[in-house]
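Colleague: Here's the letter readout for the chains.
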Amino acid sequence: GDQVEQSPSALSLHEGTGSALRCNFTTTMRAVQWFQQNSRGSLINLFYLASGTKENGRLKSTFNSKESYSTLHIRDAQLEDSGTYFCAAEAIYGNEKITFGAGTKLTIKP
Amino acid sequence: EAAVTQSPRSKVAVTGGKVTLSCHQTNNHDYMYWYRQDTGHGLRLIHYSYVADSTEKGDIPDGYKASRPSQENFSLILELASLSQTAVYFCASSYRGQDTQYFGPGTRLLVL
Numbered sequence: 002g003d004q005v006e007q008s009p010s011a012l013s014l015h016e017g018t019g020s021a022l023r024c025n026f027t028t029t030m031r032a033v034q035w036f037q038q039n040s041r042g043s044l045i046n047l048f049y050l051a052s053g054t055k056e057n058g059r060l061k062s063t064f065n066s067k068e069s070y071s072t073l074h075i076r077d078a079q080l081e082d083s084g085t086y087f088c089a090a091e092a093i094y095g096n097e098k099i100t101f102g103a104g105t106k107l108t109i110k111p
Numbered sequence: 004e005a006a007v008t009q010s011p012r013s014k015v016a017v018t019g020g021k022v023t024l025s026c027h028q029t030n031n032h033d034y035m036y037w038y039r040q041d042t043g044h045g046l047r048l049i050h051y052s053y054v055a056d057s058t059e060k061g062d063i064p065d066g067y068k069a070s071r072p073s074q075e076n077f078s079l080i081l082e083l084a085s086l087s088q089t090a091v092y093f094c095a096s097s098y099r100g101q102d103t104q105y106f107g108p109g110t111r112l113l114v115l
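In order, the protein sequence lines correspond to chains A and B.
All letters in the first sequence, in the order written, are residues 2 to 111 by the numbering used here.
All letters in the second sequence, in the order written, are residues 4 to 115 by the numbering used here.
The set of hints was computed from the structure by calculation and includes no laboratory data.
Take the hints with a grain of salt, since some may be wrong.
The calculated label-pair distances, taken between Cβ atoms and stated as ranges, are [stated by the list, open to error]: (1) A:9 with B:72: 42 to 50 Å; (2) B:17 with A:54: 44 to 52 Å; (3) B:19 with A:21: 42 to 50 Å.
It should be emphasised that the depicted structure is a prediction, and the values quoted were computed from it without experimental measurement.
Built from N, CA and C at the ideal position, the CB exists for glycine as well.
The following block holds chain A by itself, in its conformation from the complex:
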């Protein structure tokens, strides 16, 4: 079954506001990556976390392996943040493969 469950599937924000995206895992994960897929279809890596929290500008991500979830917080959203955000995780008993979630489509409105 699906190991990586992303929510919400779609989200609309006004510029300047913020929200959180979430990934829940149905098995113990070793690490998580977050990507943004922009309007041209390019995949941009945002974070790689084996534990704890990382921050980069207006983005912050947390990974809690014990409780099997990861979050991506966006604050002060800008138009260029629009796109689809994917989390992808490595199972702790896996063989170096990562499993992608289905993505959250984020739309930023003026």
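Chain A is fixed; fit chain B onto it per the hints.
Modeller: For chain B alone, kept in the frame of chain A given last:
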């Protein structure tokens, strides 16, 4: 910054024909991957490789072959293309298995 390139960027193929997608990376990464993305979905792993001249099956390998002739190059081969293989294909590389993956721009494949 990681540099992964793919060719062609788009292709139209006929059912039953052979298709080869190529990927090249210039980062000295050991690991390379091929994924497919279907409209409105996440990526699924087809094949991957952690050393030249060796490939491993991913989650959906049926109907695909892979070739890793050198550290820099990784190809995906569809011997008999089918309609269901219409998708966008992404190549990625990483320094090691448990590490950030860097993606190429994708190849849009349409099988008619």
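Colleague: Are the hints correct? Go through all of them and say.
Modeller: Now the hints, each set against the structure:
no. : hint                       : in the structure
1   : A:9 with B:72: 42 to 50 Å  : 43 Å, holds
2   : B:17 with A:54: 44 to 52 Å : 50 Å, holds
3   : B:19 with A:21: 42 to 50 Å : 47 Å, holds
Of the hints listed earlier, there is not a single one the structure fails to meet.
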